[in-house]
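Number of protein chains: 4
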Amino acid sequence: MGKGRIEAFSDGVIAIIITIMVLELKVPEGFDLASLRPVGPVFCAYVLSFIYVGIYWNNHHHLFHIVQKVNGATLWANLHLLFWLSLLPAVTHWLGESHMAAWPTALYGVVLLMAAFAYFILVHTMLRQHGPDSALARALGRDRKGKLSVVVYLAGVVLAFVLPWVSAALYTLMAAIWLVPDRRIEHMLNE
Amino acid sequence: MGKGRIEAFSDGVIAIIITIMVLELKVPEGFDLASLRPVGPVFCAYVLSFIYVGIYWNNHHHLFHIVQKVNGATLWANLHLLFWLSLLPAVTHWLGESHMAAWPTALYGVVLLMAAFAYFILVHTMLRQHGPDSALARALGRDRKGKLSVVVYLAGVVLAFVLPWVSAALYTLMAAIWLVPDRRIEHMLNE
Amino acid sequence: MGKGRIEAFSDGVIAIIITIMVLELKVPEGFDLASLRPVGPVFCAYVLSFIYVGIYWNNHHHLFHIVQKVNGATLWANLHLLFWLSLLPAVTHWLGESHMAAWPTALYGVVLLMAAFAYFILVHTMLRQHGPDSALARALGRDRKGKLSVVVYLAGVVLAFVLPWVSAALYTLMAAIWLVPDRRIEHMLNE
Amino acid sequence: MGKGRIEAFSDGVIAIIITIMVLELKVPEGFDLASLRPVGPVFCAYVLSFIYVGIYWNNHHHLFHIVQKVNGATLWANLHLLFWLSLLPAVTHWLGESHMAAWPTALYGVVLLMAAFAYFILVHTMLRQHGPDSALARALGRDRKGKLSVVVYLAGVVLAFVLPWVSAALYTLMAAIWLVPDRRIEHMLNE
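Residue numbers (the working numbering), protein chains in the order written: chain A, 1 to 191; chain B, 1 to 191; chain C, 1 to 191; chain D, 1 to 191.
These are calculated hints, taken from the structure and not from any lab test.
Think of the CB as a built atom: it goes at the ideal place given N, C-alpha and C, for glycine as much as any other residue.
Any given hint could be a false lead.
As the list claims (entries may be wrong) - Output of the computed footprint for chain B on chain C, the stretches with three or more beta carbons under 8 Å from beta carbons of chain B:
no.	segment
1	11–18
2	51–65
As the list claims (entries may be wrong) - DSS-like, lysine-lysine: derived pairs with alpha carbons at most 27 Å apart:
no.	chain 1	residue 1	chain 2	residue 2
3	A	Lys26	B	Lys26
4	B	Lys26	D	Lys26
5	D	Lys145	D	Lys3
6	C	Lys26	B	Lys26
7	C	Lys69	C	Lys3
8	D	Lys69	D	Lys147
9	A	Lys3	A	Lys69
10	B	Lys3	C	Lys3
11	D	Lys26	A	Lys26
12	A	Lys145	A	Lys69
13	B	Lys69	C	Lys69
14	A	Lys3	A	Lys145
15	B	Lys69	C	Lys3
Claimed, not checked - Here chain D is said to cover these stretches of chain C; the calculated rule only asks that three of the stretch's residues, wherever they fall, bring their Cβ under 8 Å from a Cβ of chain D:
no.	segment
16	71–77
17	84–98
18	101–111
Start from the sequences, fold in the hints, and give me the full structure.
This is the structure:
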């Protein structure tokens, strides 16, 4: 089965998710600088989520770039990932509006955690199809960044009930680590 | 007429439908666990509809994969299917908010029924173009799953006025049956 | 310049327009049959607009199918058409909510008229590039349906202030005329 | 790395941005001509932003048309541009609703300025990959229009606090200058 349509569909869903978050940016009531202030925290949460969705799109792009075909299980593993990503706009808005209260901060981490988990399932579904000697397997290597993410998100969820600001810092730090371009697959392709 | 653009358009519409349902997930009023509770039923309805839209996308993907060309009648049969699918977010939200009241549960089943019916029309429009000896005709076979769906959705609509929970269980059961990958077309292609 | 990306962009915008109208279908307040009733007129307006957007997508599909390349003027003529189509959801909702009051019915006709006009400009921009002997020119012929549309929409706008129901009937009639598949280009291609 | 998927993703995001602005066009309360009047300023702001997004799509189209491949840095520079464009619907609505108050007018200019800056970064990221002798470098030339834009948007932001109508006129003038087709790249391709 070709990969063209699963890429197109994923591009569509991710494009909508990343843009829909804008709708959460409510227009201020007044028209002066003071009325802009309450939008601030939601805006920061929006920027963080924009970067996370961008990271997922980049990784998704690289992941499907290195394989030639997909099977039915991959279609569903991909939909499962899109499901968790599609929850990001709602938890982003809750996080921003609550000024980082405990539950919204924890739930934001849960969605990040489940998305990371769904990505892990997707990668391993594709690995099962392509085998341990495939370009995909070599490109992934030991996937240290993926494993670190799970630990960091988990810590974020737990800490949200004690020090939500530390959770937010952890989420931001992990985004920064991912932003540093993941050259594994690019290196592979150039060899 | 090539099938590329009808696939791209359908991917776009289905991607929007599946993501728009997120917008129905209203952010809770408060910021504690208790304020999350009313979101629960809407969330469950959202998950069910997400799976249904995913099933339709998968089946749509397989259906157009096996044919080489489309005609004008197929364009309209496809739009007719997209029309019913595009009503899913609205009835999903009504179902979730009503905590499975009779009419919302029945209407949800009506939309599932009409979408199944529209899919049936789409398949038969394509069969008329490709003939009874086509790969499509052999892949479809007797379409037992499609016929079972119609019966189950009909039962769900009727039962909604007596035992709405049974209707919801039927809708969920049918989604589970569809989730079991439909290997008919995949088998065909591998032969 | 290739036509692939202008097709993809138009597909995206039209897919969003056709799906966004769903968001206008507000979920009823109550959960019984009576609470569904106010949704009725909006639903009818939605169906009509869905068919109109479907017609435009079909015609757009055929139009770009017959040409091989586009120029900068076509990009803007196409954006101009998309602009008027993107106003359809708003006027559809106004029409439905007003139960066909004079101004909403007239404005709906104005948007149909401007979209028809924008389509006319788009076609003629492409004709200027491809010349009077092109396949496009032969396929279009005298474009009687396009000219009839303009007259019918104009009549609808004027009659909206006297007999809005007649306007709505005219809009519906014209949609039905367009729905009868336009075989001109298909014929051309088969020859 | 191929450019197909970055084009498709950008098309998706830009298509959603341009269409989402419609959602900001609130349906009037009443159903007569008077109730349409408050929609007027928002409508004008919408038209201006529609043209700006159209200009960015056109320039983006031309920019990616002239290159053959993209790298990881381009993916992120492109996402950065999409981020600022995705803020346009919100500031458009704020501008329209405020009837051009100082802060909304200034903020609109800030978003235009940041989008122009992001486009500049994108172009220069691509130039670094392709070198000063590439078709891209020759097509861009001295980029006088891009530099003029930055000056005009900056002037608009400052003037918003004194003469907001002049700012709006400047934004409109700059859109008109961009609308005049940028034939640089088209010329290049024809040579």
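| said: Need the list of violated hint numbers for this structure, in ascending order. | reply: Per hint list: zero violations.
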